[in-house]
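The hints should help you fit chain R onto chain D, whose structure is shown.
Take a look at the letters that make up each chain.
There are 2 protein chains.
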Amino acid sequence: MIKLLVAGTVAYDSIETPFGKAKNVLGGSALHFTNSASFFTDVGMVATVGRDFKMDEIGFLKDRNVDMAGIEVDEGKTFRWEGKYGYDLNQAVTLKTELNVIESFKPKVPEEYKDADFVFLANIDPVLQSHVIDQIKFPKAVALDTMNFWIENKYNELIDVIRRIDILVINEAELREITKEHSLVKGAKKIMTLGPTCVVVKRGEYGVFMMNKEEIFLAPAYPLEDVFDPTGAGDTFAGGFMGYISNVGDMSLTTLKQAIIMGSVMASFNVEDFSINRIKSLEYMEIKERYSAFKRCMQFGEIEFK
Amino acid sequence: MIKLLVAGTVAYDSIETPFGKAKNVLGGSALHFTNSASFFTDVGMVATVGRDFKMDEIGFLKDRNVDMAGIEVDEGKTFRWEGKYGYDLNQAVTLKTELNVIESFKPKVPEEYKDADFVFLANIDPVLQSHVIDQIKFPKAVALDTMNFWIENKYNELIDVIRRIDILVINEAELREITKEHSLVKGAKKIMTLGPTCVVVKRGEYGVFMMNKEEIFLAPAYPLEDVFDPTGAGDTFAGGFMGYISNVGDMSLTTLKQAIIMGSVMASFNVEDFSINRIKSLEYMEIKERYSAFKRCMQFGEIEFK
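So the sequence lines, in the order shown, correspond to chains D and R. Heads up, the first sequence is in the working numbering, so the first residue is 1340 and it goes up one at a time. Heads up, the second sequence is in the working numbering, so the first residue is 1340 and it goes up one at a time.
Chain D on its own, in the form it takes in the complex (with noise of 0.2 angstroms):
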C-alpha cells in the first residue's frame, strides 16, 4: 500500500542553459517528486500521459516501489514544455508550452491510495487540487504546491484550497503575491491563519524558509561550484521533505527541519544534470555524505566571548 500520494504532471521538456540543450527529456512535477521521494518512501502517482508516452523511462521508479496505477494513457500527446535558461538560472523563460492531454486532466485517485497517509498536490489548477482532496479519506498531512498563473487567475478557489491543507509549499515570489506581505514572516502567519501549520518558502539558490505555529527554521542551499540546470528542483525538493516526512510518520518540528535538510540535498543533487538523471542514479550513501555536509555548512559552537 501507498504512504504518499502525489498528484501532479508527467511532461516531456526542452530545456537549454548556458551549458547545454536537451531536447524532449522527462520532466513535470509528479515526476521529479516522485524520484525523489522514492527514496524515502512508497509512492502513488495521479498523473495524465499522451499515448507517444514511454512508460519504460519511468520502470525504474518500480523498483523503489512506485505505484503508477495512478497514472492515466489518455488520448493525445503528453504535456510538452519548452524553457530556457540565462546566466543566473534563476528564472526560467518559458518558448512553449503544450497541454495537450492535460488539458482535460481530472485527477482520479485509485480506490488503493485514498488511504494515504501523506498526500502532495503539485502545482495544477486549484479547483483540481480541491477535486483530489475529496476523494481522499483519513490523511495525515496534505501538502500543496501552486503558481504565479493560480494566483492571478484563481485566486478565490486557490485560497478554497488551502483553507483544507496543512502544509503550503511555495516560491518567496508567490508567497509575496498571496498575501501582499513582502515579509515572509508575516506572509506566513497570514496564511497559517487560514488553515495550514506550516509553510515552506522556496528561495531558489537561497535556499529554504520554514515556519510553524512553533519556530522558524531558515535552511541554505547547498553551495555548489556548478548549477547545471534547476528545472524541477522545486519539486525535487518537495518530495524529498513529503518523502522524509512520510518516512518518519510525523510533523513535529524536529522532523520537519530534518525534512528541509532532506528535501535541499535532493534539490541540489537534481540540479548537477537535465531533467531527472543525476537523481534517477543517486545512491543513498551520496544522500547521507550530503546531509551531513549540509550540517557542517551550517553548524556553529556556543558564543565565547568576554
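Keep in mind that a hint or two might mislead.
Since the list gives no way to pick one copy over another, a pair counts as held whenever it fits inside one copy or between any two copies.
In silico BS3-like cross-links for lysine-lysine, where the CA-CA straight-line distance does not exceed 30 angstroms [as the list claims (entries may be wrong)]:
(1) Lys1528 <-> Lys1627
(2) Lys1360 <-> Lys1528
(3) Lys1362 <-> Lys1435
(4) Lys1423 <-> Lys1453
(5) Lys1634 <-> Lys1525
Simulated from the structure, these hints should not be mistaken for lab results. For clarity, every value in this text was computed on a predicted model and none was experimentally measured.
Positioned in the frame of chain D, the structure of chain R alone reads:
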C-alpha cells in the same frame, strides 16, 4: 591600547524608507562598524569629519572603550549622504552625495594604533586602503570592504590592495562583478588565489556566505517581521564579525563561524531602527539571546530515515 582599527567614513545621513524619514542622522561606515564592534573589543577609529560635526553625539562610544584620536576634524563640512529605499529595502537609491571633507581625506593612523592586531578597511578608495596598510605594523588579519564604484573605476588598485589583505568582506553582486563568476564558490576561490584566506559574502536578506581554505559556512539573515532601515547593515555586520574575531584573537574556522553569526546578530538589530539608534541602546543580554535564537533557526538533528 586598541585591538581593532577601522578606517572609513563618519557621516550625516538623510534617509527615507516606506516606514519613515530621518534627516541628518549619524551614519558612515566607520561609525556603524565601531558602534557594533565596540561590544566585543577595543576599537580605534580613523576617519575625518568637518567642523560642523557634533562630537558629543558619539561620546557614548567612549564608555565602550572606543578611541577617537584617529578622527581628524578638518575645515569644511562633514560627509553627507541622502538615500531612499523602496518597499523591498534591498537597494538604496542615492539621492545626493556631498563628499565635503572626504574629498581630501588621507587617512593618518595615530602612532598608538599601529600595533593593532586586527584592521578593517571600510569602503573607501582602494589607494587610501593601501595607504592605511602601509602604516600598520604586524596585524594578525586585515579585512576589506569595497563597492561597485571602485570595481568599475579603480579595478587595478583594488586588486592590488586585495593582494595585501586576509579577509574580503563584500556584497554578492560585487563579488560577481570583481571575479566575473556567477558561482560564489568559484568567485571566492578566485579571490583566494590573490592572497586572502577568507571571503565573506553579504547577501542582504538572504544572509551570509563564507569560505576559507577549509570549508564553506552559510548563515541566514535573522527572520524579522519588519526591517525598518537597512542603512549601515553591512558595516554593522562587519563590526560584529571583526569585533568578535578580535575578542577571541584567532582566525580558526570555529571562531570565523561564530563571528559570522555575531555579525548577523548585530546587523539584525541595526535594521530595526534608523541610524545607529538600535545598537546604541543595545544590551549584552539581547545579543546573547539573539545568538541563541539564530542557533534554533539553523539547528537540526541527524538523519533518521530507515
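query: Quick check: which numbered hints come out false for this structure?
result: Hint check: 4 fails alone, others pass.
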